[in-house]
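Undergrad: For reference, each letter of the sequence shown is one residue, going 12 to 93 in our numbering.
It is worth saying that the hints were derived from the structure and are not from the lab.
These figures come from a predicted structure and were not determined experimentally.
Honestly, I wouldn't trust all of these hints.
As the list claims (entries may be wrong) - DEER-style ranges, computed between Cβ atoms: (1) Glu76 <-> Ala36: 28 to 34 Å; (2) Ala28 <-> Arg88: 32 to 38 Å; (3) Gln33 <-> Asp53: 30 to 36 Å; (4) Ala28 <-> Gln90: 17 to 23 Å; (5) Gly29 <-> Ser87: 32 to 38 Å; (6) Gly55 <-> Gln33: 14 to 20 Å; (7) Gly55 <-> Gly27: 26 to 32 Å.
Think of the CB as a built atom: it goes at the ideal place given N, C-alpha and C, for glycine as much as any other residue.
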Amino acid sequence: MRSCRTWLTVAEARLGAGQPPQAPAVEAAVDRAHHQWGLIRDAGRARELGAALAALRGRVPGRREGALDHVQRELSRLQTQG
């Protein structure tokens with residue numbers, strides 16, 4: 012979980028510093044956050060970080076088609092787990 016949060020923070024910091032969403036370093040940070048998020052087994056924590064990841068994926072879709080859709084689908088699934 013810490014790794015996911017760290018990569019989300021790195022991506023936000025790079026965007027805040029003026030790097031464009033399509034910059035390789037920004038995309039890489041978001042991709043790493045996405046990967047780490049997928050490893051979180053606690054549904055509550057995954058929901059918490061997933062909301063932040065979905066917002067970030069909306070700004071930085073990355074090169075892999077469907078990344079934002081994947082986050083949104085997983086968040087919907089997590090909502091049913093209560």
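Undergrad: Now, for every hint given, state plainly whether the structure supports it.
TA: So, going through the hints one by one against the coordinates:
At roughly 21 Å, the beta carbons of Glu76 and Ala36 sit outside the given window of 28 to 34 Å. Restraint check, Ala28 to Arg88: a C-beta distance of roughly 34 Å satisfies the suggested window 32 to 38 Å. A hinted range of 30 to 36 Å holds for the C-beta pair Gln33 and Asp53, which are about 32 Å apart. Separated by about 33 Å at the C-beta atoms, Ala28 and Gln90 break the suggested range of 17 to 23 Å.
For the pair Gly29 and Ser87, the supplied restraint of 32 to 38 Å holds, since their beta-carbon distance comes to about 33 Å. A hinted range of 14 to 20 Å for the beta carbons of Gly55 and Gln33 is inconsistent with their spacing of about 32 Å. At roughly 27 Å, the beta carbons of Gly55 and Gly27 sit within the given window of 26 to 32 Å.
Comparing the model with each earlier hint shows violations of hints 1, 4 and 6; every other hint is respected.
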